[in-house]
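Input sequences plus hints: build the corresponding full structure.
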Amino acid sequence: GGIITQTPKFLIGQEGQKLTLKCQQNFNHDTMYWYRQDSGKGLRLIYYSITENDLQKGDLSEGYDASREKKSSFSLTVTSAQKNEMAVFLCASSMGLGGLQNTLYFGAGTRLSVL
Amino acid sequence: AQSVDQPDAHVTLSEGASLELRCSYSYSAAPYLFWYVQYPGQSLQFLLKYITGDTVVKGTKGFEAEFRKSNSSFNLKKSPAHWSDSAKYFCALSNTGYQNFYFGKGTSLTVIP
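Protein chains in written order, with the working numbering: chain A, 3 to 117; chain B, 793 to 905.
Rather than coming from a laboratory, the hints here were simulated on the basis of the structure.
Any given hint could be a false lead.
Claimed, not checked - The calculated DSS-like cross-link candidates involving lysine-lysine, where the alpha carbons are at most 27 angstroms apart (straight line), are: (1) B:Lys880 to A:Lys11; (2) A:Lys43 to B:Lys880; (3) B:Lys897 to A:Lys43; (4) A:Lys24 to B:Lys880; (5) A:Lys73 to A:Lys24; (6) B:Lys861 to A:Lys43; (7) B:Lys861 to B:Lys897; (8) B:Lys897 to A:Lys59; (9) A:Lys43 to B:Lys853; (10) B:Lys897 to A:Lys11; (11) A:Lys24 to B:Lys897.
Claimed, not checked - Chain B regions said to be covered by chain A (calculated; three or more residues, Cβ under 8 angstroms): (12) 824-832; (13) 835-845; (14) 896-904.
Claimed, not checked - Ranges between beta-carbon positions, derived for each pair: (15) A:Lys85 to B:Thr847: 43 to 51 angstroms; (16) A:Glu54 to B:Pro872: 45 to 53 angstroms; (17) B:Pro799 to A:Asp40: 16 to 24 angstroms; (18) B:Pro832 to A:Lys85: 22 to 30 angstroms.
Just so it is clear, the structure is predicted and the values come from calculations on it, not from any experiment.
C-beta: ideal position from N, C-alpha, C; glycine also.
Written out as structure tokens, the structure is:
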């Protein structure tokens with residue numbers, strides 16, 4: 003078994019601030035993801051990475067940067083926090099390409115509030 | 793374009809009843825379909841998946857789902873339901889051409905004891 007650790011659990015920021023969320027996994031999975039979960043909107047993909055130093059934009063990448071400097075870690079940066087923004091950011095990983103390997107494992111999430 | 797629709801935002805039923813949560817998808821190729829569950833205060837957990845083969849797939853916690861290509865559906869079922877099944881359930885579709893998953897908006901299930 004393995005675990006995905008997201009830090010911090012709660013993040014409070016100011017409007018316009020740059021905020022960084024971190025994710026670590028010990029599954030030794032190749033692929034990692036960042037999703038945003040908003041109430042009533044399901045999960046939307048922000049970025050994913052299929053290997054170290056690879057970055058792929060998802061449907062919601064505008065306003066975010068990502069970094070995958072090591073296989074085990076994947077960070078997400080909110081480049082300029084929007085006032086009154088509230089969402090949960092979920093990190094996930096999967097073994098790699100191909101249907102049988104396509105099961106996602108999720109972290110507990112980082113809950114963002116912007117004042 | 794790929795998409796997943798979960799038409800029921802909320803479902804409420806009594807313990808012991810049969811539950812069926814609906815999921816439909818839009819995808820031009822063969823889909824990989826998943827169900828995930830999110831218990832209150834927790835993150836998403838994998839329940840089951842359909843890749844190929846048998847159209848009825850069984851997962852954890854007594855759940856099963858049936859893939860119906862004819863109407864592009866992948867409904868989640870369990871009988872009988874238990875109060876501990878109260879959670880939010882997400883249906884997802886994977887495109888095997890690249891690493892992306894499309895999630896529905898989720899169905900919040902409440903099972904009344």
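Whether the CB-CB distance between Pro799 of chain B and Asp40 of chain A falls inside 16 to 24 angstroms: At roughly 19 angstroms between Cβ atoms, Asp40 of chain A and Pro799 of chain B fall inside 16 to 24 angstroms, so the hint holds.
Hint consistency between Lys897 of chain B and Lys59 of chain A [alpha-carbon to alpha-carbon, up to 27 angstroms]: holds (21 angstroms)
Lys24 of chain A paired with Lys880 of chain B [C-alpha distance capped at 27 angstroms]: holds (25 angstroms)
Thr847 of chain B and Lys85 of chain A - C-beta distance against the hinted 43 to 51 angstroms: holds (48 angstroms)
Proposed proximity, Lys43 of chain A with Lys897 of chain B (alpha carbon, max 27 angstroms): Given pair Lys897 of chain B, Lys43 of chain A holds - Cα atoms ~5 angstroms apart, limit 27 angstroms.
Proposed proximity, Lys897 of chain B with Lys861 of chain B (alpha carbon, max 27 angstroms): holds (21 angstroms)
27 angstroms Cα cutoff - pair Lys897 of chain B, Lys11 of chain A: Roughly 23 angstroms between the alpha carbons, so the hint for Lys897 of chain B and Lys11 of chain A holds.
Restraint check for Lys880 of chain B with Lys11 of chain A, where alpha carbons must lie at most 27 angstroms apart: holds (20 angstroms)
Distance restraint evaluation - Pro832 of chain B, Lys85 of chain A, Cβ atoms, bounds 22 to 30 angstroms: holds (28 angstroms)
Whether the CB-CB distance between Glu54 of chain A and Pro872 of chain B falls inside 45 to 53 angstroms: holds (47 angstroms)
Satisfaction of hint between Lys897 of chain B and Lys24 of chain A, Cα-Cα up to 27 angstroms: holds (25 angstroms)
8 angstroms C-beta criterion, at least three residues: is the region 824-832 of chain B covered by chain A: Contact hint for the region 824-832 of chain B vs chain A: holds, 3 residues under 8 angstroms.
Of the numbered hints given earlier, the model fails none.
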